[in-house]
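One letter stands for each residue in the lines below.
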Amino acid sequence: MIPRFEYIRVFSLPEAVDVLSRREDAAPLAGGQSLIPMLKLRVASYGVLVDIGRVRELRYLRYGDVVEVGALVRHYELEESPCGFLRGVAVRIGDPQVRSLGTVGGSLAHADPFGDWPAAMLALGAVVKTAGPDGAREVAIDDFVKGPYQTALERGELVAGLEFRCPPRGAYVKFARRHNDFALTAVAVAAEVKEGHVSWARVAALGAADRPVRLRKVEALLSGVPLTADVIASAAEAAAKEAQPPADFRASAEYRRALLSVAVKRALGRL
Amino acid sequence: MKYVGRPIPRVEDELILRGKATYVDDVEIPGMLYAGFVRSPYAHARVLKVDFSDVLKTPGVVAAFGPGDGEPFSFAPGGKVRYQGEAVAMVVARDRYVLYDALEKVAVDYEPLPAVLDINDALRPDAPLVDESLGNNVVHDKVYEGGDPDRALKEADVVVEGRFVIQRIIPSAMEPRGVVAAYDGDVLTIWSSTQVPFDVRKEVARALGLPLSRVRAIQPFVGGAFGSKLLVYPEEVWVATAAYRLKAPVKWVATRSEDFKATTHGRALTLEYKVGASRDGRILAVTGTVYADAGAYYWGEGLADTAAQMLPGPYDIRHGRVRAVAVLTNKTPLSAYRGAGRPEATLFIERIMDHVADVLGMDRVEIRRRNLIRQLPYRNVFGITYDTGDYPTAFERGLERLGYRDLKRWADEEAKRGRIIGVGFSVYVEITTFGYETAVLRAERDGSFTLYTALTPHGQGLATALAQVVADELEIPMESIKVYWGDTAYVGDGIGTMGSRSITAGGSAAVLAARRLKQELAKAAEALLGCRPEYREGVFQCGGRSVSIAEMVKAVYRGKAEAQLTVEAIYHAEPTFPFGVHLAVVELDPETGFVKPLLYESYDDVGVVVNPLLAAGQVMGGALQGIAQALYEEAIYDETGNLVTSNLAFYYVPTAAEAPRYEVYFAEEPHPSKHPTGTKGVGEAATIASTPAVIMAVEDAMRRVKPGVRIDKTPITPEDVWRLLR
Ligand SMILES: Cc1cc2nc3c(=O)[nH]c(=O)nc-3n(C[C@H](O)[C@H](O)[C@H](O)COP(=O)(O)OP(=O)(O)OC[C@H]3O[C@@H](n4cnc5c(N)ncnc54)[C@H](O)[C@@H]3O)c2cc1C
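If you're matching them up, the sequences are chains A and B in order. Residues in the first sequence are numbered consecutively from 153, following this note's numbering. Residues in the second sequence are numbered consecutively from 6, following this note's numbering.
The following block holds chain A by itself, in its conformation from the complex:
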């Protein structure tokens, strides 16, 4: 049963920031696909929910040299993105209902350790643009997620959007118990391959630690070499070694480690 709350709808970014920084017990409401379930379970309660759904400044999606994704872009809007990597992530999130309400900004801000966008953005090396009482900031994705459900956002600050380049090659491999459930593990790879050699690769995983992490040893191993079966096999092995997966009722650490290895192998195989 959802605890009683006050509801405020805001129409501009300054208004949103204003309410959120004035009211200690306020939280932004985007798609509600994480916030509402938390309220229902009474693991969260707020005096005010500030509905940011109509804030124009947060609702943009531009494909140029860089891809600019506003915080309010909904998962489904990326299902048919010209950037193939984004398509691969978006279609693996939840069900159509969740995808048509849930937002990319909400996913980042929520920082569920098993959420798909934080790991995917880590592979993309995205920049998180924020807006707050002290103005706008740009935070590198590597510094944004601080822990499970913890981010670099300050009080009253919002995720305004994300910026990144669409990788020349990319793949997202996710293992979940049911179709599009939250992942047991997932691996996101963004890379460039030139003349048969990997010029750079960013490999991020979820379910490999208590938060999304980059698999740096795997990245290092791939850099400058051709993507042969042997390279892929040693990358998969390195992933298993590097990961410190959590154990819970869904999967043991050992099993997650094995899945990560397979996910790395399959993701690289798809590049």
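Think of the hints as simulated: they come from the structure by calculation, not from any bench. Careful: at least some of the hints might be erroneous.
What the hints assert, rightly or not - Calculated cross-link-like contacts (lysine to aspartate or glutamate; reagent style DMTMM-like; alpha-carbon spacing at most 20 Å): (1) K369(A) - D294(A); (2) K487(B) - D146(B); (3) K417(A) - D594(B); (4) K601(B) - D333(A); (5) K413(B) - D395(B); (6) K393(A) - E596(B); (7) K487(B) - E542(B); (8) K565(B) - E531(B); (9) K192(A) - D146(B); (10) K279(B) - D146(B); (11) K346(A) - D333(A); (12) K523(B) - E449(B); (13) K417(A) - E596(B); (14) K281(A) - D264(A); (15) K679(B) - D395(B); (16) K192(A) - E109(B); (17) K718(B) - E449(B); (18) K393(A) - D362(A); (19) K110(B) - D74(B); (20) K413(B) - E668(B); (21) K601(B) - D362(A); (22) K192(A) - D106(B); (23) K192(A) - D100(B).
We have chain A already, so just place chain B with the ligand on it with the hints.
Coordinates of chain B with the ligand only, in the frame set by chain A:
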């Protein structure tokens, strides 16, 4: 034009699909109060004190009831709570926001006690006691025996021993339980999301010392139950009592996580077995013990017993001894879940057949062929008599129809391309139908008919099926019959929808009511027409004259003829026994252990099929529940007795995306039961047959990677598969 046998779409769908059906939470009464429960966070604890002083000061809180409030408020009996989620107090408030905040303000002092969560631990002599009055945790222990199992085991060429563990399942009806009760100073009315309104009425009347005639229980539309709503729960009595005492309408609807803990769980049986077989594959004796992880209260009587008595399945096994033991643990009480003992029996015996086949190096089809019962009726070794059927023929035709051999060959071909497919099948006989059921049929002035049934449909489409059988009996259009259910004001007593009994018990009652009503009207028609009339398609005729039912009814009201226009039939139904062969095809990802169900096929002899569309629906839904048992669902508790899988995000109910393709067949020459409808029941058939078929399919696939692996538990999760394959 007969209706029975035709795939008629459900007459109920219009209301349901348009969102117009009234579920218990849709019942709104002016002045409604809302009830909620304070539930134990501990699996086992002494309740030292429940303090309402803060709560009762809260504006909007109307009343609170706790352990000190006497009968029927049986909170924390014996001063203890025995499972996480057991109620310790109830609060009634003016709105739900106030209520749920208030629940958090009830101060309860608990003294946590060590919890016992596993049956093996519970059976140890030094185990904590769930119920001190028993002296140990064994709440039920009974032996079923027939023939001379000891001698048969001694004479057997091979003796095979093993253990199979079936997990706890959370029934997860989409609609959680809920109750509304209202007392106007004259009649106490209870709306409940239940399968048993008649029992609710009896229990509430008893608890409050009211005559049955002043208590009315209504079953509104119910969003699923699967056996988890066939007991009268304490909340039903408590909410009714609150409404009675406060003289105000009171509503309680469980939240999802509350429902997961406060509504009974299912399955959770373990079999330890020892069977003897001859070298040529005949099973000579089956012995063993079925343990039920009964949970905190022994509400699920007979589950281990049904599994024990049905353990021989469709096989001719002449010697047996099976003990049925129920063990208390600090978990939600166990009770019926779609199949209630028969899915477990079938899974056990099918796994045993495979185990023996492996030991003998025999084909899995062949071992079954050699053991199937040849002649019906047949009295099994524990005294249960299977009524009708031809198992060997249905088995061979079934496998042929389902394409078992072809699918095995296809799997071999795919294996050459590196794709790992497993094919499995199962054979079952099950027991359905018991007890009495009531139908009241009334002829209306315009020639239409109103049927009141004591059945309690909650998704089965029985209003459609009942209209079909009555329409055939009366030779009138189905549209002339309106079926009402779920109200003790309509019918005095009955049992309800459960145990695949509805169309057989309640449908037969309806047929008998129609037959009797026809006789009544015929008597009156004879008086009117002056000759003995013939009845055809709603018209009585003789001597060149005729009278329609509408005219008849009007004549009776005008005093021109005499007849009962309302007829009640109470039908007593003996058990009957469906039989079938089901098949599952799965694909295995050997690197990850993930298994995907691709195809599910069924071939059932369930007697007369009243409505193939409804029957196929039962097969598909039932199969998915059995697939869920095989691959997905499991109630997981941590070591303190906290239910970890306490909501639908953590508890893996499969969705349409997990469902395989279905092919549903019914026997070309079915063996009807001896009941007026000739039906045997189909509500649980596929839940019973699917788990063993899927488990065999998964094992078949796994053996392509690692010969000889054996599955000895459900569910088999991807991680389990991965471990077994390493
Ligand atoms: C059935 C179901 C299945 C799901 N499956 C998946 C899945 O497979 N993978 C997956 O990744 N996710 C899944 N989700 C979660 C979903 O993706 C959520 O949409 C997402 O996590 C949060 O986005 P939202 O817009 O709904 O945020 P909300 O729920 O509205 O907010 C979430 C949190 O972020 C804050 N917030 C929201 N927007 C901003 C912002 N712009 N700036 C700062 N703070 C903000 C809110 O205050 C709140 O604390 C699932 C959800 C459901 C209900």
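Each hint tested on the structure:
1. For a cut-off of 20 Å, the pair hint linking K369(A) to D294(A) stands: about 16 Å separates their Cα positions.
2. The hinted pair formed by K487(B) and D146(B) fails the criterion: a straight-line CA distance of about 47 Å is larger than 20 Å.
3. With a C-alpha separation of about 14 Å, the suggested pairing of K417(A) with D594(B) holds against the 20 Å cut-off.
4. Of the supplied pair hints, the one linking K601(B) and D333(A) holds, its CA atoms being roughly 15 Å apart against a limit of 20 Å.
5. Note on K413(B) and D395(B): the hinted pairing is violated, with a Cα-Cα distance of about 25 Å set against a maximum of 20 Å.
6. With a C-alpha separation of about 17 Å, the suggested pair K393(A) and E596(B) falls inside the 20 Å cut-off, and the hint holds.
7. Note on K487(B) and E542(B): the hinted pairing holds, with a Cα-Cα distance of about 17 Å set against a maximum of 20 Å.
8. Annotation: proposed proximity of K565(B) to E531(B) holds, straight-line Cα distance about 12 Å (limit 20 Å).
9. In summary, the hint linking K192(A) to D146(B) is not supported, as the alpha carbons are separated by about 42 Å, beyond the 20 Å threshold.
10. Taking the CA atoms of K279(B) and D146(B), the gap is about 19 Å. The hint holds against a cut of 20 Å.
11. Between K346(A) and D333(A) the CA atoms are separated by roughly 35 Å; this puts the pair beyond 20 Å, and the hint is violated.
12. At roughly 13 Å between alpha-carbon atoms, K523(B) and E449(B) fall within 20 Å of each other, so this suggested pair holds.
13. For a cut-off of 20 Å, the pair hint linking K417(A) to E596(B) stands: about 11 Å separates their Cα positions.
14. With a C-alpha separation of about 19 Å, the suggested pair K281(A) and D264(A) falls inside the 20 Å cut-off, and the hint holds.
15. With a CA separation close to 15 Å, the supplied pair K679(B) and D395(B) stays within the 20 Å bound.
16. Using a Cα cut-off of 20 Å, the hinted pair K192(A) and E109(B) holds, with the two alpha carbons roughly 14 Å apart.
17. Our distance criterion of 20 Å between C-alpha atoms is broken by K718(B) and E449(B), whose separation comes to about 56 Å.
18. With a C-alpha separation of about 16 Å, the suggested pair K393(A) and D362(A) falls inside the 20 Å cut-off, and the hint holds.
19. As the CA atoms of K110(B) and D74(B) are separated by approximately 19 Å, the hinted pair is consistent with the 20 Å bound.
20. Proposed proximity of K413(B) and E668(B) is supported: the alpha carbons are some 17 Å apart, at most 20 Å.
21. With a CA separation close to 29 Å, the supplied pair K601(B) and D362(A) exceeds the 20 Å bound.
22. Between the alpha carbons of K192(A) and D106(B) the distance comes to roughly 13 Å, so the proposed pair stays at or under 20 Å and holds.
23. Restraint check for K192(A) and D100(B): satisfied, since their Cα atoms lie roughly 16 Å apart, inside the 20 Å limit.
Of the numbered hints given earlier, the model fails hints 2, 5, 9, 11, 17, 21; all others are met.
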